[in-house]
Amino acid sequence: MATRAPLIQRTAIPGLGLSAGITLFMLSLVVILPIGALLAKGASFGAAGIWEVVNRPRTWAALWLSFRLSFLAALFNLVFGVILAWVLVRYRFPGKRIIDAAVDLPFALPTAVAGIALTALYAPNGVLGSLAGEIGWKIAYTQWGIWLALVFVGLPFVTRTVQPVIEEIESEVEEASATLGASRAHTMRHVILPMLMPAALTGFALSLARAVGEYGSVIFIAGNIPLRTEIAPLLIVIQLEEYNYNAAAAIGIAMLVISFAMLLAINLIQIWSRRRIGHV
Amino acid sequence: MHIDIDEIAKEFGATTALHPVSLAIPSGALVALLGPSGSGKTTLLRILGGLEFPTSGRVLFNGQDATGMTVQERRAGLVFQSYALFRHMTVFENIAYGLRARPRAARPNKAEIDRRVLKLLDLIQLPHIGDRYPTQLSGGQRQRVALARALAIEPRMLLLDEPFGALDAKVRKELRQGLRDIHDETGLTTVFVTHDQEEAMELADLVVVMSMGRIEQIGKPQDIRAKPATEFVREFIAA
Amino acid sequence: MSDAALNLHRTAHPGKRRFRSATEESAPARIALILIAVGGLLLLVGAPLVAVFAEALVRGWGAAVQSLQSRDAQAAIRLTLLITAIAVPMNAIFGIAAAWFITKFDFRGKAFLITLIDLPFSVSPVVAGLCIVLLFGANSAMGAWLVANGFPIVFAVPGIVLATVFVTFPFVARELIPVMIEQGRSEEEAALTLGASGWRVFRTVTLPNIRWALLYGTLLCTARAMGEFGAVAVVSGKIRGQTATMPITIEMFYNEYLSVAAFSMAALLTGFALLTLMLKTVLELRHADQLAATRRH
Chain A
1 MATRAPLIQR
11 TAIPGLGLSA
21 GITLFMLSLV
31 VILPIGALLA
41 KGASFGAAGI
51 WEVVNRPRTW
61 AALWLSFRLS
71 FLAALFNLVF
81 GVILAWVLVR
91 YRFPGKRIID
101 AAVDLPFALP
111 TAVAGIALTA
121 LYAPNGVLGS
131 LAGEIGWKIA
141 YTQWGIWLAL
151 VFVGLPFVTR
161 TVQPVIEEIE
171 SEVEEASATL
181 GASRAHTMRH
191 VILPMLMPAA
201 LTGFALSLAR
211 AVGEYGSVIF
221 IAGNIPLRTE
231 IAPLLIVIQL
241 EEYNYNAAAA
251 IGIAMLVISF
261 AMLLAINLIQ
271 IWSRRRIGHV
Chain B
1 MHIDIDEIAK
11 EFGATTALHP
21 VSLAIPSGAL
31 VALLGPSGSG
41 KTTLLRILGG
51 LEFPTSGRVL
61 FNGQDATGMT
71 VQERRAGLVF
81 QSYALFRHMT
91 VFENIAYGLR
101 ARPRAARPNK
111 AEIDRRVLKL
121 LDLIQLPHIG
131 DRYPTQLSGG
141 QRQRVALARA
151 LAIEPRMLLL
161 DEPFGALDAK
171 VRKELRQGLR
181 DIHDETGLTT
191 VFVTHDQEEA
201 MELADLVVVM
211 SMGRIEQIGK
221 PQDIRAKPAT
231 EFVREFIAA
Chain C
1 MSDAALNLHR
11 TAHPGKRRFR
21 SATEESAPAR
31 IALILIAVGG
41 LLLLVGAPLV
51 AVFAEALVRG
61 WGAAVQSLQS
71 RDAQAAIRLT
81 LLITAIAVPM
91 NAIFGIAAAW
101 FITKFDFRGK
111 AFLITLIDLP
121 FSVSPVVAGL
131 CIVLLFGANS
141 AMGAWLVANG
151 FPIVFAVPGI
161 VLATVFVTFP
171 FVARELIPVM
181 IEQGRSEEEA
191 ALTLGASGWR
201 VFRTVTLPNI
211 RWALLYGTLL
221 CTARAMGEFG
231 AVAVVSGKIR
241 GQTATMPITI
251 EMFYNEYLSV
261 AAFSMAALLT
271 GFALLTLMLK
281 TVLELRHADQ
291 LAATRRH
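Protein chains in written order, with UniProt numbering: chain A, 1 to 280; chain B, 1 to 239; chain C, 1 to 297.
You can trust all of the hints, since none of them are fake.
Sample of chain B residues facing chain A (criterion: CB under 7 Å; computed from the structure):
1. G50
2. L51
3. F53
4. V71
I should point out that these hints are in silico values taken from the structure, not numbers from a laboratory. In this text, a Cβ means the ideal position worked out from N, Cα and C, and glycines have one as well.
With the rest of the complex left out, here is chain A (with noise of 0.2 Å):
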């Protein structure tokens, strides 16, 4: 019989119209209803009010940074995760539980306080930004600033979705490439990293989703000047801030596709890797 599945099977377990009316309700008032009057606002002006609003070179110039810039502090992480992800799993040496702990700082601590510290660190009156800047390298109020919050606030990601993958493999498959002659390195290249790389890559990618939207840890470092080192999410502030709606709006959308867009190539991740592997 072709009959289509019933919308809800009805089982004996009871609450559930308290369970599904809570939810439901929960996520209309704080997720579905704001998201869709951000939608309304920018169909209201339609998309080429969107287009002249991101057409702007201010605009453009903001959007270009966040993502360029979230993009090599992502990369940063992929290659840094990977490396902390091994150490912490393969080998044993003083303080690493505490390290391992460390890994999650970034997650815990508010992005205001890592914004200011990290200016604290890298201004050219800093510690390590005056150490920067008898080479004449400077880091604060430039688009190194900005990396290097985005490096820290993205930092955990990779580590933490390769790391379970690390504890699964089975030494049989080291051994095996041992066994067939190959060096270490030759394996470490040929049969481990590929088996890391879908969970370092959707760890890369929630790296660069948090990054692209990131705002707290940067206006601090920033400089914050137009064209140079103004981040998008800023952008938006600025808009409200004059109460221009309209544009915020705007920059909001465009800034919505990039995160859809990003959490699309994350789950197209995540099912080409389990059709491979079999795992995420």
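Starting from the known structure of chain A, fit chains B and C onto it as the hints suggest.
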């Protein structure tokens, strides 16, 4: 209590778990629902217990329509396939759960609960394990605790889903006799699900052979062996 | 560092000859990787952590403590506690309800519902704030009506609560859902057949099984709720003494060159973040089996 299953059908979305099936279970019988996986036997058991609801048809307990009765009202002592013991409670607390869950007016006092739980522990021949947690028990002990927990609510019938499925061969034989003894002692109408034809034949008064959501044959073990009604039954009991 | 501390071999027996296992890197490679990992983490995470406390105490304990006693600082602390006390229970209740709905029932569109619940993690906090302003701000129909009836949301506490709930939305639910899927439905069904009511089943069977996961999710939710900046910056209007939360007040102090005050408040939040990490680590060590299988965020 006698149970009548009257033209029960069950669909899960596009798949049909039970074509209309009918079955009369006499009071005090020990009945096996026998069939391969996907034959609908567990679904039928869960419908009797009130955990699933039929798409159509009726269930009658002692001639009274019980189709819409809630799971709590049915008082069916149900033993789950993996026992579903509450892992954060001791064996004692597991067995006492149903008594403590009763509304205040019907709840026995503490001394009475203690007495009944200890009596049940004696019945399953594990008098000293009340303080242990389910993870500290062997598979056979867990099964007997699950049985005691189901009996504690003074059930109107006993329903068991693959009660011996998770056990090794030796323990299985012992516990078969244990179930037979408990059935004979309590006189409860008992229905158990199994895919093991030897188990069904040896233990049950009445065997119901099922396949693909249909009942193939109902009969006493020796009758089914002597005269299999369909080709499926012949092959299944020969296996 | 002692000799033992430098003992990097996994199968080291003093006095025995050491052979390198086929599944190990060479010692120099191992040491190099450890140095990169530990050094990088110290520089990227350790240094900012030290900087917060160093800057807060640059003029001594007295100055730091005193800066936290100003009226603005006190108001900010009270407001942040209030927001957290409202937003976190809202999220916990939502998380429990959503996890129950999703794991105890079969219905169409479940995957889509889970995606919607996860959505706030992919949206920039600033965009989240913007969405709330567009829906409830004075320039929208609903917002104007609410303001006219004396219940403003944007630039007021309800807006901050909404923004906080938005950015922390998935924390509890996504921690509970995998745990409850793994535990299945049969314990709840067993309790029902024994005559327990729905509430009793939840209280005596489900809750004990999910309590560590619930605590874990709530902990992460609390940390984020206290520290949220971007979304709150947009909806709060940053009214001193009224809608300025602790992170917003940090920004205000910092922009006014009240460095000690800014970093003292930052140190307070950092202390809380460290406490969160400690509790989180303890939970992971003690109750790993009762938390969501992997530590993904």
